[in-house]
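Kindly produce the complete structure, drawing on both the sequences and the hints.
Start counting at 1 in the sequence shown, then tack on 312, and there's your number in the numbering used here.
Honestly, I wouldn't trust all of these hints.
Below 30 Å or equal to it, Euclidean Cα-Cα: the simulated DSSO-like pairs (lysine-lysine) are [as the list claims (entries may be wrong)]:
| id | residue 1 | residue 2 |
| --- | --- | --- |
| 1 | K732 | K395 |
| 2 | K466 | K629 |
| 3 | K374 | K395 |
Please keep in mind that the hints were generated in silico from the structure rather than gathered at the bench.
Keep in mind it's a predicted model, so treat the numbers as computed, not measured.
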Amino acid sequence: MEARILDQFRAIVGRGLITETSQLHTYECDGLTNFRVLPQAVLLPALTAEVQAIVQICQREKIPFVARGSGTGLSGGALPVDKGIVISLARMNRILEVDLLNARVVAEPGVINADVTQRVAPHGYFYAPDPSSQSVCSIGGNVAENSGGAHCLKYGFTTTHVLALEVVLPDGSIVHLGSRALDRPGYDLPGIFVGSEGTLGIATKVVLRIVKKPAVIQTLLAAFNTTEEAGAAVSGIIGAGMLPAAIEMMDNLAIQAAEASVHAGYPDCGGLLLVELDGPAAEVEHLIEEVSAICTQCGAWEIRVAQSEAERAVFWKGRKAAFAAMGRISPNYIVQDGVIPRTALPKVLSEIERMSAAAGLRVANVFHAGDGNLHPLVLYDGRIAGQEERAMELSINILRLCVQCGGSITGEHGVGEEKKMMMGEMFAEPDLATMQLVRCAFDPEQLSNPGKVFPRTRFCAERTGPYQPHPLEVAGVAQFF
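What follows is the structure, given as structure tokens:
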């Protein structure tokens, strides 16, 4: 990169400019380490005005940029692009406002997910979206990927809890999408931005909805001989009209890994369910009895209900640690993220087992069973020639199976770099072209995280005339923040 441009960047962020090759390697990939690109520079702004100034230079010089939070994404969404820069938002980590009367929190994108709940917990509130990486992942990354978590079954994904955003568009202008009100007229622009994977701009402030902590929370653990039995229990619970806060499933390989890592005390079984119920005490007591009965009917041979908050935390500790724990039983693994109808769980898990045997590779399953969001982990040894290629092929075939069963190639990890070639499995060419019309409206130069999500770039029509301020900018909608 030219020295004059680096000097301009340095004038904005000072020591927050990284150009040393040894330091740039930290940013060459996200949680998906199969793909690596070295950025030309990394910038760490601390203020919205600094983000805006950086993006304005990028727009003027036609420099592609990738926004990055904590780098925990698993689809290559924060992978740098050739001849581009990374804008790390790690320093923008302040909770700017806590409005308990209206159940709102205003946070910068670098705020860690779990820190939101920690801030409001003393007042009886929590922030519902809880990815397994919530102790390290950032709000900005959650917005980009529309992250979910175990409790999204009842409480919804990130999009349910984002009311408004301050966004630096790829041309360097600042707009405000949404409002603190629950139902604002006009297009649902926050809904378009959340889950757009950094392709429409950079969120610099986010208005979040927080939720009152329920009166009672009970967590039940049920052990089955097979995942098919556990899957049937999931269908039975939902079919009975219940809506638990969470239903999580782990197979025997996942249990082995979790036990080796955190010693959660899980039974040695073929399929394990964690079912969490919350609400008024009488309701939860009744639902626990119903869930226990359904699990027993489906073959559960051990059922435990956590008798304390400490025991409940241990139940969840094993589930939350499952992805990282795979390193205990395999030198390498690929985490996938597909969605299927709940009723297809037994069939799909059985087919994954067959595909696993045919490929000669183990597959561990740990996932959000309540909403059919699978997370198969394909285990392999990268030191053995050909295994990584077979693992990649198997993981893609599992996604293809999900689509064939009426599901999706992603539930919460996003498309990013890894799955963009699979978009054609779900969408026809006119569908993909229509989606990119939205992208072109926000980023006609295609500078913001270019090359991600779609299998090929569709170039936007050239803009006519100079940039005109958005009416919202003129009206001064900053009052929402």
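Against the structure, the hints:
no. : hint         : verdict
1   : K732 to K395 : holds, 21 Å
2   : K466 to K629 : holds, 20 Å
3   : K374 to K395 : holds, 10 Å
In this structure, every one of the numbered hints holds.
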